[in-house]
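A.B. asks: Order-wise, the sequence lines are chains F and W.
Count along the first sequence from 1, then add 1485; that gives the number in the numbering used here.
Count along the second sequence from 1, then add 3; that gives the number in the numbering used here.
Derived from the structure by calculation, the hints contain no laboratory data.
Glycine included, each C-beta is placed from N, C-alpha and C at the ideal position.
Among the hints, erroneous ones may be present.
Said to hold, decoys possible - The calculated SDA-like cross-link candidates involving lysine to any residue, where the alpha carbons are at most 20 Å apart (straight line), are:
| id | chain 1 | residue 1 | chain 2 | residue 2 |
| --- | --- | --- | --- | --- |
| 1 | W | LYS50 | W | TYR36 |
| 2 | W | LYS11 | F | LYS1654 |
| 3 | W | LYS11 | F | ALA1832 |
| 4 | F | LYS1744 | F | GLN1756 |
| 5 | W | LYS168 | W | ASP143 |
| 6 | W | LYS50 | F | THR1842 |
| 7 | W | LYS11 | F | PRO1990 |
| 8 | W | LYS178 | F | GLU1852 |
| 9 | F | LYS1882 | F | PRO1990 |
| 10 | F | LYS1582 | F | THR1534 |
| 11 | W | LYS11 | F | ASN1828 |
| 12 | W | LYS50 | F | ILE1948 |
| 13 | W | LYS171 | W | ASN132 |
| 14 | F | LYS1892 | W | TYR36 |
| 15 | W | LYS47 | F | LEU1838 |
| 16 | F | LYS1676 | F | VAL1662 |
| 17 | F | LYS1796 | F | ILE1948 |
| 18 | W | LYS47 | F | ALA1853 |
| 19 | F | LYS1998 | W | ASN183 |
| 20 | W | LYS166 | F | VAL1662 |
| 21 | W | LYS50 | W | ILE71 |
| 22 | W | LYS47 | F | ILE1841 |
| 23 | F | LYS1654 | W | PRO116 |
Unchecked claim - Ranges of calculated distance between the beta carbons of each label pair, as one might list FRET restraints:
| id | chain 1 | residue 1 | chain 2 | residue 2 | range |
| --- | --- | --- | --- | --- | --- |
| 24 | W | ALA42 | F | MET1859 | 20 to 28 Å |
| 25 | W | VAL25 | F | ASP1894 | 17 to 25 Å |
| 26 | F | GLY1575 | W | LEU62 | 43 to 51 Å |
| 27 | W | ILE21 | F | ASP1696 | 52 to 60 Å |
| 28 | F | ALA1557 | W | ASP150 | 34 to 42 Å |
| 29 | F | ASP1640 | W | GLU119 | 40 to 48 Å |
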Amino acid sequence: MTEQTATAPAPAAEPTELEKRFPGAVKRDARPGYEGYVVEAGKLREVATAIRDEMGYDYLSSVTAVDYFSDAPNANNFIEVVYHLYKSTGGGSLVYKVQVPRDNSVVPSLVDIYPGADFQEREAWDLYGVKFDGHPDLRRILMWEGFNGHPMRKDWKEPYFEEELKPFKNRWPEGQVYRIEDHNPFGRNVKYPAGFDPEGFRESADPALYDSLERAARAYSEDIDTEQVVVNLGPQHPSTHGVFRMAVRLDGETIVALKPVMGYLHRNHEQIGERNTWIMNMPFTDRLDYLSSMSNNFGYALAVEKLMGEKAAPPERAQYIRVIMAELTRISNHLWAIGFLLNDLGAFFTPALYAITERELILDIFEATTGSRMMCNYFRFGGVARDFPAGQLDKIKDLVRERLPRKIDELDLYLTQNELVRSRGENVGVITPEEAIAYSTAGPVLRASGVPYDIRRADPYGIYDRFDFDVAVRYHGDVYDRYMIRLDEMRQSLHILEQAVKQIPEGEIMTGKNPYQVRVPAGESYGRVEGPKGELGYYVVSNGKANPYRYHVRAPSFINLTILEKMCVGSKVADAVVNLGSIDIVLGEVDR
Amino acid sequence: MYGIGVLKGMWVTLVHFIQTFVDDIKWAGKRYYTPEGIAHRSSKDTKGIFTVQYPEEKLPVPEEFRYIPILLQEEDEHGNLHDRCTSCGICAKVCPPQCIWIVRTEDPVTKRPVPEPVDFFIDVDICMNCGYCAEYCPFDAIKMDHDYELATFDRHVQNIYNKEKLSKPVSYYAKIRPTNYAREEALRAAEAAKKVEAAAAKAAPAS
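Could you build the full structure based on these sequences and the hints that come with them?
C.D. replies: See the structure below:
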């Protein structure tokens, strides 16, 4: 390399295929700590199609936005939409971004190229106000229609706003104790838009939803002219696994259109995460998918460790502990999922309680090691919080070698050949492999459709490349296979666990001193793990300060719901409940 | 034949049902309301009834179990209690939901800050039991309690804990977390010995 290029602000590397193909429209992202390409908004669809069809990046993992905002005069303010893509055959990522001005943020929609972008674009519209030109159904998704403003923008303030960043001054050093509600009572804590008259407010969320249902139903035609009815399943209904609502349009008992409605549990997790310091986010990730908190910890720790580099590489023993905990979490999650899928099928609570017994024994181990059964808060940047207490590893060995294999076999004997399970599950809610990839489904849903894509194998993280295991895969893509795949995965997890408890070495569990404030170099990173429900990704952006600048969660439960309508249309309304159960969602993660 | 699968499944439930009675008979009435019985029910060999009759029976909590934080106080030879806390503020700064307020004071004569806090508040409604305050406290002054029965009638009056309510003697901590306590005391003793040694080394060349 010549002197000149070495001193240039951004060393101009050899242009890649993509840059040659679209000269001027695709540029390398030259900011330090960033990767991928910046694509011109006008060319986005063309570039995205080329990347999908010619380069083979057929799996759109995550779409999100970042608000680069500063109230300094002449600051370069813009909104960036970030796309993460992978190949369904495995390998690393391709990242591209589109930058648009904040006051007129319009980006062409990719829904017809990647149908899996549907909900994610709606989320970016809802939280960041990015208009996706050409999106068929661009409504808010987590907030309600009629909400004022876009809450993830950096200049938006929540009703009980205290300060931009934690720690808050009145806690330290001031020490003035008060409840924020007392200083800022309800009613005076909200700002209305100029000229807004609360008396004249007309609710617009439901009309918009029913409009959208009607539009979706137009494609459906019958010989006989029948009257279609709209039925709301949920939000308060045991079969929806929480506060989730499906608005369906029915022709007789057949579903003509279905729109999921979510956000009842929305707490703007990402905004909370951006107020928090880096380490403070760890216990908050527990509360996403509260049935598998260890996996959530794992993903977040990976994303931040990627940014921190070598000094946060966990020691050997910690790596093994992480794998053991993550796999135990997977088993306990799948036990729960199978139990509740059977509940949805009408086998009320007997299979669920048999499964929960085993889950309890796993949670006992979590409690003894981490201090809490569900909100484990166990991972740290560069290791784990504490070692196994005396005797716990033996308990894990006993469970893994003796009890769990027997109990999983028992569950298998109990349910798998049951004629009722088969007739309710086989050929119900079928997803073809092409659809599964296009709709960005992940985890058991993807693998039950015959796509052997498991991040532990496709793009290994931690020490998963050392273990011998099979990627469980089933080929029918129906509810029954989504049940079977969970049994298969539990058996594979036990196989990994057996190797891990045998090989685990003695030693340190933490690299460095576990400081209460970590220094994270500026840049972006995307850490993803194969969570029990699918690909769980964390997109974090650091500006070198004590708090993350952007903290985004690619929630598998949320994105797996994109395909729900496709699964249900044309089938009977009773199958909608089963289809939802077979996706296995947790509303803490869907609504965030 | 159609129905074999259903029958097999029912066989599994029947086995579970019978096991319940077999296990009860084997234990001859000792399976419930005894510590051994409770330990058996949460072991890998458990069969039959799995549930625990709370509140008559309670599962023992493991040592690492964490709930609301407590402040530790040391007793000196005159029976006076001293806070281990030095109001350094790390717990307030690391607390994710920001539920800790520390009120500091200064000596009226010397105008220098007094290390022991005047008051210390934790809003237990906001506390998310993450355990960071205990984990990052450099003085082993704040620890997580085991008491999980905290229901009250009025959160506005009773759920902001002050220093008086949060403080517990060190002996209480040693009782609920014996191995942690032993480990920390060993570390503190080693630290103190090092200090004495360093002081001695400093003094030696001077004499």
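A.B. asks: Look at each hint and say if it fits the structure.
C.D. replies: We went through each hint and held it up to the structure:
Under the criterion of a C-alpha separation no larger than 20 Å, the hint pairing W/LYS50 with W/TYR36 is consistent with the structure, at around 17 Å. A threshold of 20 Å between alpha carbons decides the hint, and for W/LYS11 with F/LYS1654 the separation of about 64 Å lies outside it, so the pair is violated. Between the alpha carbons of W/LYS11 and F/ALA1832 the distance comes to roughly 15 Å, so the proposed pair stays at or under 20 Å and holds. Using a Cα cut-off of 20 Å, the hinted pair F/LYS1744 and F/GLN1756 is violated, with the two alpha carbons roughly 26 Å apart.
In summary, the hint linking W/LYS168 to W/ASP143 is supported, as the alpha carbons are separated by about 18 Å, within the 20 Å threshold. For the suggested pair W/LYS50 and F/THR1842, the alpha carbons sit about 10 Å apart, so the restraint of at most 20 Å is met. Using a Cα cut-off of 20 Å, the hinted pair W/LYS11 and F/PRO1990 is violated, with the two alpha carbons roughly 43 Å apart. Restraint check for W/LYS178 and F/GLU1852: the C-alpha separation of about 19 Å stays at or below 20 Å, so the hint holds.
At most 20 Å may separate the alpha-carbon atoms for a hinted pair to count; F/LYS1882 and F/PRO1990 meet this at roughly 15 Å. Only pairs whose Cα atoms come within 20 Å are accepted, and F/LYS1582 paired with F/THR1534 is accepted, the gap being roughly 15 Å. Straight-line distance between C-alpha atoms of W/LYS11 and F/ASN1828 comes to about 19 Å, which keeps the hinted pair within the 20 Å bound. With a CA separation close to 36 Å, the supplied pair W/LYS50 and F/ILE1948 exceeds the 20 Å bound.
For the hint linking W/LYS171 to W/ASN132, the alpha-carbon distance of about 18 Å falls within 20 Å, and the restraint holds. For the hint pairing F/LYS1892 with W/TYR36, the CA-to-CA distance comes to about 27 Å; that exceeds 20 Å, so the pair is violated. Between the alpha carbons of W/LYS47 and F/LEU1838 the distance comes to roughly 16 Å, so the proposed pair stays at or under 20 Å and holds. Taking the CA atoms of F/LYS1676 and F/VAL1662, the gap is near 25 Å; set against the 20 Å cutoff, the hint is violated.
For the proposed pair F/LYS1796 and F/ILE1948, the alpha carbon gap of about 17 Å is at most 20 Å, so the pair holds. Our distance criterion of 20 Å between C-alpha atoms is met by W/LYS47 and F/ALA1853, whose separation comes to about 15 Å. With a C-alpha separation of about 18 Å, the suggested pairing of F/LYS1998 with W/ASN183 holds against the 20 Å cut-off. For a cut-off of 20 Å, the pair hint linking W/LYS166 to F/VAL1662 stands: about 12 Å separates their Cα positions.
In summary, the hint linking W/LYS50 to W/ILE71 is not supported, as the alpha carbons are separated by about 34 Å, beyond the 20 Å threshold. For a cut-off of 20 Å, the pair hint linking W/LYS47 to F/ILE1841 stands: about 14 Å separates their Cα positions. As the CA atoms of F/LYS1654 and W/PRO116 are separated by approximately 19 Å, the hinted pair is consistent with the 20 Å bound. For the pair W/ALA42 and F/MET1859, the supplied restraint of 20 to 28 Å holds, since their beta-carbon distance comes to about 22 Å.
Checked against the hint of 17 to 25 Å, the C-beta distance between W/VAL25 and F/ASP1894 comes to roughly 20 Å, which is consistent with it. Between F/GLY1575 and W/LEU62 the C-beta distance comes to about 44 Å, which sits within the given range of 43 to 51 Å. The hinted range of 52 to 60 Å is satisfied by W/ILE21 and F/ASP1696, whose Cβ atoms lie roughly 58 Å apart. For the pair F/ALA1557 and W/ASP150, the supplied restraint of 34 to 42 Å is violated, since their beta-carbon distance comes to about 50 Å.
Evaluation of the 40 to 48 Å hint for F/ASP1640 and W/GLU119 yields a pass: the beta carbon distance comes to about 42 Å.
The earlier numbered hints that this structure contradicts are 2, 4, 7, 12, 14, 16, 21, 28.
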